[in-house]
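Knowing the structure of chain C, use the given hints to seat chain H on it.
Number of protein chains: 2
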Amino acid sequence: MVDTIKVSAKSRSTAVAGAIAGVIREHKRADVQAIGAGAVNQTVKAIAIARGYLERDGLDIVCMPAFVEVDVGGEERTAIKFAVEVSRTFTPILPPVPEPPPAPPE
Amino acid sequence: MVDTIKVSAKSRSTAVAGAIAGVIREHKRADVQAIGAGAVNQTVKAIAIARGYLERDGLDIVCMPAFVEVDVGGEERTAIKFAVEVSRTFTPILPPVPEPPPAPPE
Chain C
1 MVDTIKVSAK SRSTAVAGAI AGVIREHKRA DVQAIGAGAV NQTVKAIAIA
51 RGYLERDGLD IVCMPAFVEV DVGGEERTAI KFAVEVSRTF TPILPPVPEP
101 PPAPPE
Chain H
1 MVDTIKVSAK SRSTAVAGAI AGVIREHKRA DVQAIGAGAV NQTVKAIAIA
51 RGYLERDGLD IVCMPAFVEV DVGGEERTAI KFAVEVSRTF TPILPPVPEP
101 PPAPPE
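Protein chains in written order, with my numbering: chain C, 1 to 106; chain H, 1 to 106.
Excised from the complex, chain C in its bound form (with noise of 0.2 Å):
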């Protein structure tokens, strides 16, 4: 089992696109969870993102929301969960480009 990458409204939304693109380049599959509007929007940013660097291996995405129940500190909210998943495979007409490195520390 692939583990769950989580967001937060401050992560950044291409650090977290690198990491969905690793996760589908390896299992071909991505769950991103969120909670609140700002990691919401974070998440489908990265997802928007992700295609992009996906695009130049060949690998187009889709993605799936649902709510789940996840326990935060002893209580319980109400998360989103994105399943991200290929959707189809092709021949990249770009060559692949390296994907910048990661930020520093701010």
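Bear in mind the hints are in silico, worked out from the structure with no lab data behind them.
All copies of an identical chain are treated as equivalent in the list; a pair is satisfied when it fits inside any one copy or across any two copies.
DMTMM-like, lysine to aspartate or glutamate: derived pairs with alpha carbons at most 25 Å apart: (1) Lys81 / Asp31; (2) Lys6 / Glu69; (3) Lys81 / Glu26; (4) Lys6 / Glu76; (5) Lys10 / Asp31; (6) Lys28 / Asp60; (7) Lys10 / Glu69; (8) Lys81 / Asp71; (9) Lys6 / Asp71; (10) Lys81 / Glu55; (11) Lys81 / Asp60; (12) Lys81 / Asp3; (13) Lys28 / Asp3; (14) Lys6 / Asp57; (15) Lys6 / Glu55; (16) Lys28 / Glu85; (17) Lys10 / Asp71.
Relative to the frame of chain C, chain H by itself:
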């Protein structure tokens, strides 16, 4: 071409879900547009809810978010456009639920 469903942070997610389900039943795809974290959050919740509505029609959906530039009152804004599509059809296990009858006159 199908009209784009535009969602704001104040949109009710169940109302948006109903609109998405209606367009999907007719056209097998829907475009949903949101600007800002609140609107993106309402859209994601609506897609999760619409999936439940469409389950009774034997339709499963997926979505793919993308960045788009849109003109809002003469200003260019970055929106997220969600392309929602039918991913598979199946025989529903649950019978369709009738819509509630019209309320009696008061």
